[in-house]
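Peer 1: Line order of the protein sequences matches chains S and G.
If you read the first sequence in the numbering used here, its first letter stands for residue 7, the second for the next number, and so on.
If you read the second sequence in the numbering used here, its first letter stands for residue 664, the second for the next number, and so on.
Fair warning: there could be bad hints in the mix.
[Said to hold, decoys possible] To list a few chain S residues with every Cβ distance to chain G over 12 Å, as calculated:
1. 139
2. 141
3. 142
4. 198
5. 241
6. 262
[Unchecked claim] Here are the simulated BS3-like cross-link-like pairs (lysine-lysine), alpha carbons at most 30 Å apart as the crow flies:
7. G:852 to S:13
8. S:234 to G:784
9. G:775 to G:684
10. S:52 to G:852
11. G:695 to G:784
12. S:52 to G:684
Since the hints were derived computationally from the structure, they do not count as laboratory data.
For glycine and all other residues, C-beta sits at the position ideal for the given N, C-alpha and C.
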Amino acid sequence: MAGMFQKVGEYAHGGMAAVRDALAFTGETACAFASLVVRPRSLRLKDAALAFQRAGCEGLPIATLIGFLLGLILAFESAASLRQFGVEIYVADLIAIGLFRELGPLVTAIILAGRSGSAFAAEIGTMTVNEELDALTTMNLDPVKFLVLPRMLAAILAMPLLTIAAEIAGLAGGMLVLQMMDVPAVAYWTHVADASGVFTISLGLGKSALFGLLVGLVGCSAGMHTRKTADGVGVAATSAVVGGIIAIAVADGLLAVACYMLGV
Amino acid sequence: MASAEDDLIIAEHVDAGYPGKTILHDVSFTVKRGEVFVMLGGSGCGKSTMMKHLIGLNPVLAGRLVVAGREWTWANRREILAKIGVMYQSGALFGSMSVLENVLLPLEEFTKLKRKEREEKARRLLGLVGLADSADLMPGDLSGGMKKRAAIARAMALEPEILFLDEPSAGLDPLTSNALDDLILDLRKREGMTFVIVTHELPSIFKIADRCVMFDRARHAMVAEGSPQDLRDSCEDMFVREFFARGEVK
């Protein structure tokens with residue numbers, strides 16, 4: 007019994023320490039962003055460009071493929087029901103609203119968490135184990151500014167672009183299915199245009215930028231807090247993916263509630 | 664006669680360790696300008712922990728630490744770090760940068776030198792440590808000894824007053840280790856630097872150290888201070904005598 011209480015206490019203590027670390031890291035990152043606004047030249051552009059290439063450009067094929075398949079699946083699954091009522095054309099509305107408002111940013115963010123969040127954690131984690139972070143600190147260089155900001159900026163910028171690519175591919179996937187059901191392309195695109203206003207698209211892109219920030223923050227935080235053990239980097243990469251997906255899901259849930267309350 | 668101004672490092676009644684775990688208790692010593700000072704002891708005795716305190720990675724648990732004329736506080740951090748250079752056990756070179764870029768980094772961040780001047784200085788430093796031909800290699804392509812020499816070049820880029828070296832001989836063959844000792848002596852002679860070195864390699868200590876302090880894991884304490892010869896020949900402490908006797912250094 008005493009052992010159980012001890013374990014509960016240890017878990018609680020560990021949990022509190024993790025929350026404290028996460029808050030401290032978020033604060034440090036916010037300060038670093040603020041100083042970047044004051045002195046934009048302090049950004050290591052080369053590192054940010056490299057991180058953007060890896061997170062954005064190299065992630066484009068998988069985001070496009072998953073987006074296309076998502077549109078295809080959505081169209082097939084919804085068309086089966088809607089066809090019974092002779093309104094399969096509304097599949098276009100469903101795909102447009104579903105992709106732009108919700109599924110486009112969400113699925114792309116999960117891809118980003120799996121690809122880039124884990125990569126951020128592994129890169130920074132390896133540097134932690136190799137004492138490179140200590141070296142930065144004793145060289146008077148801020149590891150957050152040096153390593154975290156370029157990656158977070160890359161994630162924030164890459165996410166909307168990946169989301170747009172996934173959404174366009176998803177719409178193309180939906181059109182392919184409806185063409186097989188003899189729905190004219192013009193009718194499909196007209197419905198897509200009617201269903202997706204500027205607000206809907208902006209909301210989705212805003213969400214995707216927020217998800218990018220969360221993926222970057224969780225991934226870099228996991229890397230910075232890597233333990234110097236044999237499995238340290240692996241654990242950091244795993245927790246970056248799991249933590250990133252949880253953060254995305256929680257943020258998406260909160261945004262859904264907020265949108266409902268605001269009636270948008 | 665040495666004055667107090669010559670004391671680049673002063674440790675007074677320092678408790679070294681981590682929150683909740685004291686590794687060394689009540690440690691006091693000074694390091695004079697131009698000295699090669701060695702922190703010596705067996706594995707786990709706290710010498711690397713003490714170095715982490717000296718270079719500001721961890722705060723001391725108790726006591727007072729003065730480095731390069733300033734007391735180690737958060738407010739003095741930048742001033743102190745500007746006056747020290749550190750070579751880590753693994754070298755800690757940035758893997759995504761070439762050797763030259765590693766040395767250029769502190770020059771780019773903290774000096775107003777022009778690009779050409781920065782590169783000239785970086786190449787001169789690499790020449791000084793015998794890596795002039797390896798400037799464009801990536802750290803992954805270097806041997807252990809080359810990594811350490813490149814790390815010394817990087818640590819020297821901003822002309823620090825004190826150079827901290829963590830286990831410079833660890834993992835090196837005797838010839839490479841000997842060459843590294845020669846480099847340290849050469850740098851002291853040419854650049855007038857002060858070295859603080861953490862090691863337990865006795866041949867290296869006898870070759871390069873002016874003075875050393877010795878820590879004992881069992882007693883959580885500093886047990887001896889003096890020149891390597893003094894510690895070997897005149898120290899009464901049994902642990903010190905045994906340490907030197909087992910090292911078989913004549």
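Peer 1: If a hint holds in the structure, say so; if it does not, say that too.
Peer 2: How the hints compare with the structure:
Residue placement check: residue 139 (chain S) does not keep its beta carbon more than 12 Å from all beta carbons of chain G (closest about 9 Å). At roughly 4 Å from the closest C-beta of chain G, the C-beta of residue 141 (chain S) falls inside 12 Å, breaking its exclusion from the interface. Some Cβ of chain G comes within 12 Å of the Cβ of residue 142 (chain S); the nearest lies about 8 Å off, and the non-interface call is violated. Residue placement check: residue 198 (chain S) keeps its beta carbon more than 12 Å from all beta carbons of chain G (closest about 43 Å).
Chain G leaves residue 241 (chain S) outside its interface by the beta-carbon criterion, the shortest separation being 20 Å against a cut-off of 12 Å. Here residue 262 (chain S) stays apart from chain G, with its beta-carbon at least about 39 Å from theirs, past the 12 Å limit. Between residue 852 (chain G) and residue 13 (chain S) the CA atoms are separated by roughly 58 Å; this puts the pair beyond 30 Å, and the hint is violated. Of the supplied pair hints, the one linking residue 234 (chain S) and residue 784 (chain G) is violated, its CA atoms being roughly 34 Å apart against a limit of 30 Å.
Of the supplied pair hints, the one linking residue 775 (chain G) and residue 684 (chain G) is violated, its CA atoms being roughly 43 Å apart against a limit of 30 Å. About 39 Å separates the Cα atoms of residue 52 (chain S) and residue 852 (chain G), which puts this hinted pair outside 30 Å; it is violated. With a C-alpha separation of about 28 Å, the suggested pair residue 695 (chain G) and residue 784 (chain G) falls inside the 30 Å cut-off, and the hint holds. A threshold of 30 Å between alpha carbons decides the hint, and for residue 52 (chain S) with residue 684 (chain G) the separation of about 42 Å lies outside it, so the pair is violated.
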